[in-house]
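Student: Residue strings, one per chain:
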Amino acid sequence: MDTGELLVITMGLPLLGAVLLAGLARRGRTAVRSGALVITLLTLVLALVIAWRFPGDGVVDDGWGVSTVAWLGTQSPWDIQLSVGLDGLGLWLFVLSALLMFTAVLVSWESITHDEGLFYAMLLLLECGCLGVFAARDVILFYVFFEFTLIPLFFLIGIWGSEQRQYAARKFFVYTLAGSVLTFLSLLAIVVWDAQQSGRMTFSIPALTSSLQLQPIRPLAWQLLVFWGLFAGFAIKVPLFPLHTWLPLAHVQAPTAGSVFLAGILLKIGTYGFVRFNLAMLPEASAICMPLMLSLAVAGVLYGALVSLAQQDIKRLIAYSSVSHLGYCMLGLFALNSAGLQGATLQMVNHGISTGALFALVGMLYERYHTREIRELGGLARRLPWLAFFLVVFTFSSIGLPGLNGFAGELLILLGIFQRAWGSGSAVAATSLQVIAVLAVLGVVLGAWYMLWMVQRVLFGPLREPSAVAGHAVHDLTRREIVALAPLAVLVVWIGVQPGYFLQRMAPTLDRVVVVAQDALQQGPVDPRATLGGGATAEQLVRR
Amino acid sequence: MFVDLSTVSLVWPEFMLILIATWMYLGGTFSRGRAMWTGLALVTYVVVATVLWRNERQLTVEAAEGLVRVNGPLIVDYLGQASRYACLGIGVLLTLLAARAGGPQLATEVLGTIMMLVAGLMLVSRANELVFLFVSLELISIPTYVLLYLGRSDRANSEATVKYFFLSIFASSLLVYGMSFLYGVGQGTTLIVGTASEPGIQQAVAQLPAHQQSLFLIGLVSVLCGLGFKLAAVPFHFYAPDVYQGTTHINAGLLAVAPKAASILALIRLVVAVVPPDWAAGWRLLAVVAMASMTWGNVCALWQTDLRRLMAFSSIAHGGYMLIGLAVALASPATGGIAATLLYLTVYVLAALGVFAALAYLSDDACDVRRVSELAGLARGRPWVAGVLAVCLFSLAGLPPLAGFWGKLTLFTGAIQVAWESESGTWGWFLALGLVGVVNAAIGAAYYLRVISAMYFTPPAASWAGRGGPGTALAMSVCGVLVLVGGLLPGFVLRTAELADPLRQQARTAVFTPVTTLTEEPAAHPAPVVVPAASADRPHLVPEVGS
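So the protein lines, in turn, are chains A and B.
Read in order, the letters of the first sequence correspond to residues 34 to 577 in my numbering.
Read in order, the letters of the second sequence correspond to residues 22 to 568 in my numbering.
Hint data in this document are derived by calculation from the structure and do not stem from the laboratory.
Any given hint could be a false lead.
[As the list claims (entries may be wrong)] Here are some of the chain B residues that sit facing chain A, going by a computed Cβ distance under 10 Å:
#, residue
1, Ala400
2, Gly402
3, Phe415
4, Pro422
5, Lys429
6, Ala463
7, Pro481
8, Val502
9, Leu505
From the three backbone atoms N, C-alpha and C, an ideal C-beta is built for every residue, glycine too.
When you get a sec, could you build the whole thing from the sequences and use the hints?
Tutor: Written out as structure tokens, the structure is:
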């Protein structure tokens with residue numbers, strides 16, 4: 034079977050499954066969750082086959098495994114297409130979505146006790162949406178999937194969440210939507226600009242990318258405006274520092290599977306969007322905004338780390354650590370060089386694996402002790418050795434221990450940002466960039482501090498358990514839970530030992546973005562009267 | 022203005038509707054069988070659609086190719102032809118919705134009045150003459166008063182009826198007042214040219230001497246006031262929350278749909294066709310009203326706890342959205358703004374009717390579901406109803422993959438297109454229009470989500486019974502399914518709306534010829550007038566439609 038068809042089947046399977054499960058709901062819990070497991074497993078296998086077929090050197094030009102159908106019929110003046118395909122940027126996130134959904138289904142196995150049919154249907158819809166985001170090759174199709182992911186997650190948080198779930202679900206939804214509608218407007222602006230230049234309206238992402246790289250949006254003020262419009266949606270999704278306030282609430286209130294997927298995949302949609310649209314389509318605006326974006330990113334790194342240090346609730350701690358880690362991804366992206374971009378993209382996958390797994394572990398801990406308070410727990414390593422083992426592994430992965438996956442990503446990101454700060458080309462901005470680079474290193478130290486401190490308090494020292502469950506025998510991880518975590522642990526080691534396998538498949542795609550960004554950085558804006566207002570100072574900084 | 026036999030044959034379907042409605046009024050005094058009369062009404066709509074199809078298929082096909090013809094007070098173009106089918110569809114939905122309305126005694130009165138209203142809508146969609154347009158609009162207003170009065174017999178309902186009646190009369194008189202100016206300025210009552218001897222208001226206005234511009238402006242503003250009332254656009258929206266709240270779900274659904282559709286169609290016929298493209302006051306007015314309506318409607322809806330009040334404010338906001346497309350069309354005719362408005366209108370009608378049908382399904386005269394909190398736990402008790410409501414509300418919020426998304430997509434694309442292509446002074450307006458529009462989409466989501474979260478996230482407060490009967494259930498399901506299918510496969514609606522846009526390229530260069538008989542070729546008739554494209558020199562983005 035050719036890969037295009039395989040890709041469509043992989044994305045259609047969860048959708049079909051969701052409909053099936055809604056029908057199976059009356060058959061009882063076992064039928065529903067086994068059905069969900071079978072479907073996610075099949076999806077995962079297909080995704081792995083796709084990844085295995087992906088060319089080893091990563092050279093895929095405008096997309097690989099493409100299949101395209103005109104959405105609105107061939108006669109319509111709107112050339113919107115149902116077009117999917119993968120490239121180096123989307124590939125691993127695509128596979129990770131399928132993998133994390135497998136984990137999410139397994140961790141929900143016992144913890145979801147009502148409306149299972151709807152729950153697993155929503156999970157599968159969410160999976161379909163995420164797979165679609167990473168495979169979409171049409172702007173509108175991308176946006177449809179991008180927004181669509183909100184609906185299942187809204188229900189997941191609202192129906193199966195904790196006490197404040199209604200408020201959390203609505204806040205999450207409206208906050209995210211408020212940003213993404215501005216993104217929508219900017220995407221339309223890109224399409225319309227291109228249509229005006231070429232005389233033909235196209236919504237295809239590769240076509241728009243190459244066309245906008247040849248004919249960037251002018252005047253530059255407009256390009257900046259479009260950049261900030263895109264920024265609004267993606268930065269909230271990431272979440273970048275001042276826009277992160279929805280995240281802790283949503284994470285803490287969401288059911289475990291929701292948290293796993295929210296942290297693992299949905300946040301990556303933001304960073305993915307930055308690469309796909311901001312960097313690739315608006316290189317000049319990206320170059321101009323680079324110092325500001327780096328400052329926001331490093332502020333997020335430090336802020337997230339400091340707030341994490343102060344947390345008492347493990348789930349909140351991991352939620353804030355996401356703010357910090359995603360700050361790293363943004364640092365890497367806006368380093369605008371090869372090392373930074375590759376590191377950031379790898380780190381997106383790494384964070385998905387390690388934080389997804391950490392949320393799953395917190396969920397397992399909560400199922401056993403009905404608390405997530407650090408002070409109520411202690412010395413659990415003796416009581417729950419398997420859980421302790423996995424918690425330590427994923428913590429090490431999260432703090433970037435050499436030999437595990439986090440190290441590869443963080444090293445590349447830091448390399449990228451140091452190259453940007455001390456490398457040639459941006460002499461005047463250098464001082465502030467150097468400060469940013471040094472602060473970023475500080476973030477790594479803080480990251481190790483709060484994570485290891487949490488692990489130390491929860492796993493080691495004298496045994497401490499909530500009094501309510503102290504008398505009962507608390508069992509260690511079941512086989513199901515180990516199966517849920519094991520693939521992630523394997524990946525942690527594999528990426529850590531052999532990052533090249535993953536990097537070389539994404540490098541050619543990212544290099545195309547890098548080349549454009551470098552050009553924009555070196556040339557600076559062509560038309561001097563094209564700038565307006567705030568852009569001017571930053572632009573001069575970059576040009577000198 | 023002339024009326025001959027061919028004109029009568031062109032309005033034959035509408036004529037049939039009015040005849041049968043009258044017959045139903047009479048027959049209702051002899052036989053009270055509600056099911057029978059509902060069945061008869063439904064059959065009537067189907068029969069009329071068939072007649073329409075048989076009689077005017079040739080005309081419709083030619084209209085789809087861009088040919089525009091006029092006959093007396095009628096204009097035969099694709100907008101009119103397609104709208105008539107859509108109006109019959111609205112008639113079917115309203116009939117299903119009203120199958121149990123009006124108590125045991127008044128079945129035929131309610132059903133017959135709805136039929137009159139549908140006939141009025143169908144006439145408005147083809148009006149090309151001021152008096153004809155006004156009378157058609159009254160054919161919608163007067164049945165609305167009757168239906169409001171028949172809704173329920175309590176103080177709130179009486180208040181709503183009286184409020185609507187007086188304000189509507191006032192708006193109608195403003196409309197007539199404005200029309201009188203258009204008549205004076207345009208030296209005739211025909212809107213778009215018929216023959217060389219009768220130039221039509223559009224042509225007269227295009228060559229208006231400078232000292233008459235202000236007269237035209239007065240006329241235009243008055244017309245906008247009159248039609249803005251029907252659209253419930255800010256600042257003519259004050260009646261809407263009270264009236265919706267006071268009346269029944271079914272009447273609220275009718276008010277949210279019929280006057281709005283009529284107003285948009287009349288605006289397209291009257292304003293968009295008549296205002297010359299280089300006349301900036303027109304789109305500025307519409308843009309201001311659009312922004313005010315969207316913002317005011319959505320912000321006020323945030324605090325509502327009464328479902329119908331909430332939907333009233335929501336309908337005000339959606340009226341504002343529809344005006345975006347008209348403003349775009351006025352500023353840049355080739356951009357497809359009218360197509361976007363028509364698409365948005367269609368999608369809104371389905372979603373709003375779906376919401377009101379679902380609410381009507383849960384209510385009856387004795388038990389009225391009023392508050393948002395009364396929907397608590399609906400998803401447990403009645404998952405299908407909750408699902409339909411959720412789909413319709415998400416569509417109103419404009420979320421993909423539901424039909425409402427495509428309405429927003431086309432509207433905002435139009436606004437951005439004008440913003441990109443126009444010179445300084447104009448782009449800021451349309452950028453603002455787009456920004457206000459999208460920000461409002463997010464504000465709107467906040468209150469729609471409140472309803473959805475009441476249904477899904479709170480434990481059931483009461484047990485639910487399908488009090489509204491199978492008619493409302495069917496109407497609700499049809500709307501929900503159409504909204505979902507229209508969202509996944511929007512091609513057909515998008516293309517129909519595109520073809521129905523009277524300003525698109527071919528339509529603006531079409532031959533305007535009177536039709537005398539339905540089968541005859543248009544060339545056999547006197548003095549066809551070729552109207553030059555209103556502004557063919559502007560660059561246009563949307564690729565050419567059709568052949």
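Student: Compare the structure with each hint and give your call.
Tutor: Checked hints:
Because the beta carbon of B:Ala400 sits about 8 Å from the nearest beta carbon in chain A, less than 10 Å, this interface hint is met. The interface hint given for B:Gly402 is broken, as the beta carbon of that residue sits about 13 Å from the closest beta carbon of chain A, more than 10 Å. Taking 10 Å as the C-beta cut-off, the interface hint given for B:Phe415 holds, the closest approach to chain A being about 7 Å. Because the smallest distance between the Cβ of B:Pro422 and any Cβ of chain A comes to about 5 Å, under 10 Å, the interface hint for this residue holds.
A cut of 10 Å between beta carbons decides the hint on B:Lys429: the least distance to chain A is about 8 Å, and the hint holds. Restraint check, B:Ala463 versus chain A: the minimum CB separation of about 4 Å is within 10 Å; hint holds. At its closest, the beta carbon of B:Pro481 sits 13 Å from a beta carbon of chain A; the interface hint therefore is violated under the 10 Å criterion. With a least beta-carbon distance of about 14 Å to chain A, the hint placing B:Val502 at the interface is violated under the 10 Å criterion.
Given hint, B:Leu505 at the interface with chain A, is violated; its Cβ is 12 Å from that chain's nearest Cβ, farther than 10 Å.
Hints 2, 7, 8 and 9 from the list above are not met by this structure, while the remaining hints are.
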